[in-house]
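S.K.: Chain A is already provided as a structure; the job is to place chains B, C and D with the ligands on it using the hints.
Protein chains in written order, with my numbering: chain A, 1 to 352; chain B, 1 to 352; chain C, 1 to 394; chain D, 1 to 394.
If you are wondering where the hints come from, they were derived from the structure by calculation, not from laboratory data.
Owing to the predicted nature of the structure, the values given are computational and were not obtained by experimental measurement.
By construction, the Cβ of each residue, glycine as well, lies at the ideal position given by its N, Cα and C atoms.
Wrong hints could be hidden among the right ones.
To be verified - Quick list of simulated restraints, FRET-style, between CB atoms:
#: 1; chain 1: C; residue 1: Trp389; chain 2: A; residue 2: Lys219; range: 24 to 34 Å
#: 2; chain 1: B; residue 1: Lys293; chain 2: C; residue 2: Glu273; range: 37 to 47 Å
#: 3; chain 1: B; residue 1: Lys155; chain 2: C; residue 2: Thr14; range: 20 to 30 Å
Stated by the list, open to error - Some, not all, of what chain A presents toward chain D, calculated at C-beta under 7 Å:
#: 4; residue: Met14
#: 5; residue: Ala70
#: 6; residue: Arg79
#: 7; residue: Asn263
#: 8; residue: Phe337
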Amino acid sequence: MAKTDIGPPHYEQMLPPIIKENYGKWKYHEILKPGVLVHVSETGDKLYTVRVGSPRLVSIYFIRDLCDLADKYCDGYLRFTSRHNVEFLLSKEENVEPLIAELKEKGLPVGGTGNSISNMVHTQGWVHCHTPATDASGIVKSVMDELFEYFENMKLPAKLRISLACCLNMCGAVHCSDIAILGIHRKAPVVNHENLKSACEIPTVIASCPTAAIRPNPKLKSVEIKEERCMYCGNCYTMCPSIHIIDPENDAVSIWVGGKVSNARTAPMFSRLAIPYLPNNPPRWPEVVDAVKHLVEVYAANAKKGERMGEWIERIGWEKFFEISGLEFTDKHIDDFTHAVTTFRSTTQFKW
Amino acid sequence: MAKTDIGPPHYEQMLPPIIKENYGKWKYHEILKPGVLVHVSETGDKLYTVRVGSPRLVSIYFIRDLCDLADKYCDGYLRFTSRHNVEFLLSKEENVEPLIAELKEKGLPVGGTGNSISNMVHTQGWVHCHTPATDASGIVKSVMDELFEYFENMKLPAKLRISLACCLNMCGAVHCSDIAILGIHRKAPVVNHENLKSACEIPTVIASCPTAAIRPNPKLKSVEIKEERCMYCGNCYTMCPSIHIIDPENDAVSIWVGGKVSNARTAPMFSRLAIPYLPNNPPRWPEVVDAVKHLVEVYAANAKKGERMGEWIERIGWEKFFEISGLEFTDKHIDDFTHAVTTFRSTTQFKW
Amino acid sequence: MADSKTPLLDQLETGPWPSFVKEIKKMAPEKPAAQDLLGQLEVSYEEKKGHWKHGGIVGVMGYGGGVIGRYSDIPEKFPNVAEFHTIRLNQPSGWFYNTKALRTICDLWEKHGSGLTNLHGSTGDIVLLGTTTEELQPTFDEFSEQGFDLGGSGSDLRTPSCCCGMARCEFSCFDTMDLCHNLTNAFQDELHRPMWPYKFKIKISGCPNDCVAAIARSDFAIIGTWKDDLQIDQEGVREYVKNGLDIEDLVIDRCPTGALSWDGNELKLEGKECVRCMHCINVMPKALRPGKEKGASILIGGKATILQSAFLGWVLVPFMEINKDNDYEEIKDLLDKIWEWWDENGKVRERVGETICRLGMRNFLRAVELDPIPQMVFRPRANPYVFWWPEEVK
Amino acid sequence: MADSKTPLLDQLETGPWPSFVKEIKKMAPEKPAAQDLLGQLEVSYEEKKGHWKHGGIVGVMGYGGGVIGRYSDIPEKFPNVAEFHTIRLNQPSGWFYNTKALRTICDLWEKHGSGLTNLHGSTGDIVLLGTTTEELQPTFDEFSEQGFDLGGSGSDLRTPSCCCGMARCEFSCFDTMDLCHNLTNAFQDELHRPMWPYKFKIKISGCPNDCVAAIARSDFAIIGTWKDDLQIDQEGVREYVKNGLDIEDLVIDRCPTGALSWDGNELKLEGKECVRCMHCINVMPKALRPGKEKGASILIGGKATILQSAFLGWVLVPFMEINKDNDYEEIKDLLDKIWEWWDENGKVRERVGETICRLGMRNFLRAVELDPIPQMVFRPRANPYVFWWPEEVK
Ligand code: SRM
Ligand code: SRM
Ligand code: SRM
Ligand code: SRM
Ligand code: SF4
Ligand code: SF4
Ligand code: SF4
Ligand code: SF4
Ligand code: SF4
Ligand code: SF4
Ligand code: SF4
Ligand code: SF4
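Just chain A, same shape as in the assembly:
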């Protein structure tokens, strides 16, 4: 039998010699050009990093290609980033340009550093999950195609992080992204009473609803959903397969803005609703792509240098953001969950 609980391979095996030797000794870094970093050690050693965009959903052929390049230029070492980019780690400066040339040839983009749009954190969508309100990879591809120049250069006011999650579970952790794309359901789920009886625990199902929209239906030994209380989070569906929420006519995409994670300058911020509804239009989701592009351009044109999306909006005020961006403000933008009242404008200070 196989050994269990051995844990992951030790990271030390995975480090190129230059990193082993300079571990903890890095002094400073520079971005030499988009996608290319150099880290300089106290020892004087220099480590070059070439960052490469990846579709994340990759085949073993893709990985083997990466390995070939790493063997050729990087002593056989490479890494991935927290946003699913690939990073080639070079100890020799003279390898940088040849590597880049070969990457270009293979259609692999170099960029994502500094004030750019990096790879999109995203999720499974129709490729592998059972709860999605939209696809993940398809939208990512469409958006990144359109915003490609922002990956390859660093002309934005600051970093801009775009993420996507295909349902409210938010596996893409879109809740703190400069721009977030979120798949949403828009109709109360339908209960299959016949199945529910045997498949699901009724108290658990009832407890799963954040808005207490579910009550028991003792007659049917099932549950009932109070439609006007349901906001389609899908949590009951997660708990119980007999409650069906997927609905191609109404499933859609929403856009959120202004989140950030870093503690630089301002505290981390949540992303906030910008566009409540855009239709699901595969294969290229033109409405979503246009909306994201528009937001990027409005931000690029108006923010100060060094200002993240949310920092810019908070400085000018959300009322100005809606004006400048031309987005419609609707009752959906007004929070109505637990902390709603903390978002209500309890001052006479506002701009016309």
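M.R.: Frame of chain A; chains B, C and D with the ligands shown alone:
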């Protein structure tokens, strides 16, 4: 039978001629000295106001004294302020000093304008209410005696508003005061099951509890209080006299800081817990008086000119406020009601 | 207990601040109720607890509110405060009085009650502190004859109040006192006959300084504001600077939106950045004034702690013209719509702000026929728990 | 359905960004599962809906997690993805690889699965995308033999992850990768055998830039920080200015607490005002560095929306020394205490932050034996609903 629904007397009858003539024409004002304002009209007319501290709980003799003064110096007109001070309204500058002299003689303080401590908004306490955890007028008298100089001069960085409420109903609306004194109960109320049966509606009593600490006791046809869930707000007692919350051994006083109401510079702010417990020590509540005085002095010594208490604290950070003031930080300072999570420090930014 | 000693309370007669104990003592020789109040209060000071019983329903004919019933729980010791009810009289707008009116109050209260008052209660009423059940009706009858009426109590409209406004303040953006008087009279029924889920308070401030704390202490706050740029008298500004005002530190740097700049000679305002906080005007009232296109912001939901914790009122209507000429029709219409919805949807003892939170702003806005706008919120929602209207989905 | 056409997906092969469709197609000739995945995905694109059924419990021996069961709801059309389970492999710290290891993964996955992966999943695992129930155990066995183990899924500890830290970053305040590796190994049982109310995530960033989004995406965030003043190389600062950096606008004015000033020659730091936000260091990495007294802040409670809306982690321990020498004892002790309390008190599907909110920080802090300190909150409570401990009252 008496006429009903006639409404209050018309304000026009109550206005001195100089105000009637210059109604809506005031151009600017100046504070000539503490307690003395002049308002200058576009017509050139000048209205002098002398502001006088009042105990608020007054006898008809006090009012008649005021009337005598107003008849003598103010053409028979005066007003009260939103903080229960008296304002004498003079059309003749030469009357100002004689009025002040006579006020002093009668022991009535002149002040409360500009960067001062004005009169304390407060409540009934043991004088007239049934739910108080402390007295109102007695603490006010004790605090104002001690802080008297701040009423009579204007040497604070900004206005400082102190309020008091004798129970969580907060009739003194202490929730947005620079310094708030709040009477608190500290033990779960005791239910008189025998009475409750007949005197109170059980569903209403249960619904009255913000923390759902009350459940029915069908056996006794009464209710039961889950002690560990009760935070002694007294709301059940308000709804039902058979639930007794007053407890002289544990009733006490708490101190809150940093609230404000005006929209000037910063949005209005809630007062926040500074001192969770001080004992009820009539007749002069020395612990409460000392604590308030200390807070005023710490503020006066550290805030920038023009900065309200809450603005100062928010600028330096609450961790610094606790350090500078020497107040103890306890688990009681950490919110645990509905919006608690919005007060938790969700950033690595803080001072040591 | 006419001869009770009050050593504890006596200690509150000294010190520079005027003493409420002295006030009670002033009435004591004439009023046994005042004497017993003092006695009972001394007991409270000894025992550290109040001695009033839970209220009781007392009142005057035709009214459901305006009187707070109060009974001693030691009437055997203090029989003269066995009944000690409060009458709330509606104050005139802005708490202005002629001495004749005040003397009338004194005379009538000397006749019918304890002779003790609060000027004023913290909602704004003239609080007549302490009389018997029997005296309530006669007291009211005489006050009514003299042109006074009751204020609110219970689940009704509470006595509206306002700052002195145009009567004594150059900042006032509309006539607060007239509006307060008008609304109070228009809603006499709502004020006097409790019929709602809970209390409802209206407070009116002439500008964002909010001198009646409307945003914190009223369900419906009317706070003056303006739409155009604030008015600058450059000469006046220079005068302040000449007289030593550190304009950079105390004005420019404190503007919350950086709308102001000073080049040593002229104060420049970026009008669309100004959020009308009043700060610069407050510092330089001789030189700066609110704009000319004046009106008010309406905020909804303010209240103290009970039940769902304190709320500060939030923007419902960013700008409303305050129109004396049409008898303030817009405000009254809005109030009617709000009350109708709240009355229908509010739970017992639920302030309107709490009902809105429970049922969602979207439902409330639909009911009162207002469009959602960004000025209503600091920022949009962060959670994705969005509701859709049936007509919006297939 | 080996010959299904995919006109919609084909449109995603064009454009400059690398195409996941191409990746699937690369595998299709060799792997019927990849071919059917493509086909089923095309159906999803046509119908605008997913075609995967609600999960199912599948796994490997000795483990309660690490595999996500997945079944097609149209297996008759796409029999090769009738079963299409995911295996989560625990990545090495910092996502560093040698090509040998990567090639091993490829080879094994070519043998046992679809040949498709996510590098990486958004929790950080190597996600092996799609195999049959039958293949699960053999796949695991071979990976185990090659030194790989499963990651987390279900109500257990999820695969911890960390930024590259000292391996490739000058800002790192401790050895993120070693800590991550150490904790992962120390808590193998917690990682592999779901036994808690819900999932629990640990993420580790070497400094407040938080490059693994620990504060937003983990229940327990370990984020590097320091206690003394940040280090300034004045020569380096002058160099930046000489090269055209607008230091006033881009550094001084952006410091959140005004801790910095620049006199044209020297950068002055008011050390006790600094909140270690990293901004100035980020702008001038050649001149500024974190202080020398390094460690980490521990934040608790971070998570996405479900159920009580998203939380950002909040400060639990402002500063903890990160001590390799004692095998990170302090952190492990703290984790044990937290888990013990949460396990006992948490409801089903309640993240630890939600349990804390429901039961109150005071109860939590007592359980984990930490003193309340102001750094834990932005500001103290505004509502007066304060609880007292039985021993504090009479
Ligand atoms: C490689 C990576 C860490 C890893 O172990 O994988 C990394 C590496 C670096 N980060 Fe990061 N960050 C990485 C994800 C993040 C994330 C997480 C995310 O995006 O999901 C954040 C938080 C983002 C947010 O706030 O929403 C992040 C916030 C930062 C910041 C703060 C930026 C700000 O001002 O808000 C800096 C500082 C800076 O760039 O000036 C930073 C700086 C850096 C530096 C310069 C650190 C250094 O000295 O080496 C590295 C190169 C940055 C660059 O791309 O220009 N890194 N960095 C991650 C690359 C992701 C990618 O492929 O794009
Ligand atoms: C008389 C009164 C209104 C009334 O109708 O009764 C009043 C009158 C004035 N207020 Fe006020 N305020 C009055 C209560 C308030 C309140 C309400 C309260 O304290 O409960 C506030 C909100 C306080 C708060 O934020 O907590 C208030 C916040 C202001 C402010 C804003 C101060 C700030 O910077 O936050 C100003 C502007 C200023 O003083 O520079 C102001 C300014 C003024 C001016 C200068 C307006 C004017 O041009 O005449 C008046 C003289 C002020 C003074 O005392 O120096 N008034 N003012 C109230 C006097 C109460 C008293 O007896 O002390
Ligand atoms: C007399 C007065 C205090 C004072 O000394 O000035 C007062 C006295 C009482 N208030 Fe009040 N409230 C008074 C202004 C307020 C205010 C301040 C305001 O209106 O600006 C508030 C906070 C603002 C607000 O409404 O949110 C206030 C919030 C309460 C509450 C809590 C309401 C809430 O929703 O949070 C209660 C509890 C209740 O209604 O059962 C309450 C209840 C009471 C009762 C009736 C006690 C009770 O539970 O039945 C008190 C009667 C005392 C007595 O026997 O005389 N009183 N009460 C004030 C009314 C005088 C007047 O009419 O002018
Ligand atoms: C594979 C992955 C998405 C991806 O494409 O990368 C994923 C996929 C799923 N997640 Fe997730 N989550 C993944 C990272 C996340 C993250 C991000 C993170 O960890 O940084 C989050 C948000 C952060 C957080 O935990 O709060 C996340 C929040 C959820 C939630 C909501 C949890 C919550 O408390 O809010 C659920 C719902 C649940 O647990 O039932 C969920 C549930 C699921 C399930 C198991 C669906 C379900 O309801 O049973 C998905 C299986 C999809 C499939 O069939 O492959 N997933 N999930 C990620 C794990 C890969 C890996 O191990 O590396
Ligand atoms: S976000 Fe929702 S649909 Fe997408 S992978 Fe996660 S659980 Fe599945
Ligand atoms: S979808 Fe969400 S809101 Fe609707 S019933 Fe299910 S759990 Fe409740
Ligand atoms: S604050 Fe409480 S005790 Fe004081 S008067 Fe109001 S209701 Fe009565
Ligand atoms: S005092 Fe308040 S918390 Fe305690 S049982 Fe009564 S209503 Fe509930
Ligand atoms: S609220 Fe404004 S208008 Fe009214 S008194 Fe205060 S400063 Fe004047
Ligand atoms: S009123 Fe306030 S916001 Fe407007 S310019 Fe003056 S200080 Fe700035
Ligand atoms: S979190 Fe800090 S230490 Fe880690 S990679 Fe990012 S910048 Fe470097
Ligand atoms: S690290 Fe941040 S807070 Fe500290 S000095 Fe630099 S910019 Fe200011």
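S.K.: Which hints from the list above does the structure break, by number from lowest to highest?
M.R.: Violated hints: none at all, because every hint is consistent with the structure.
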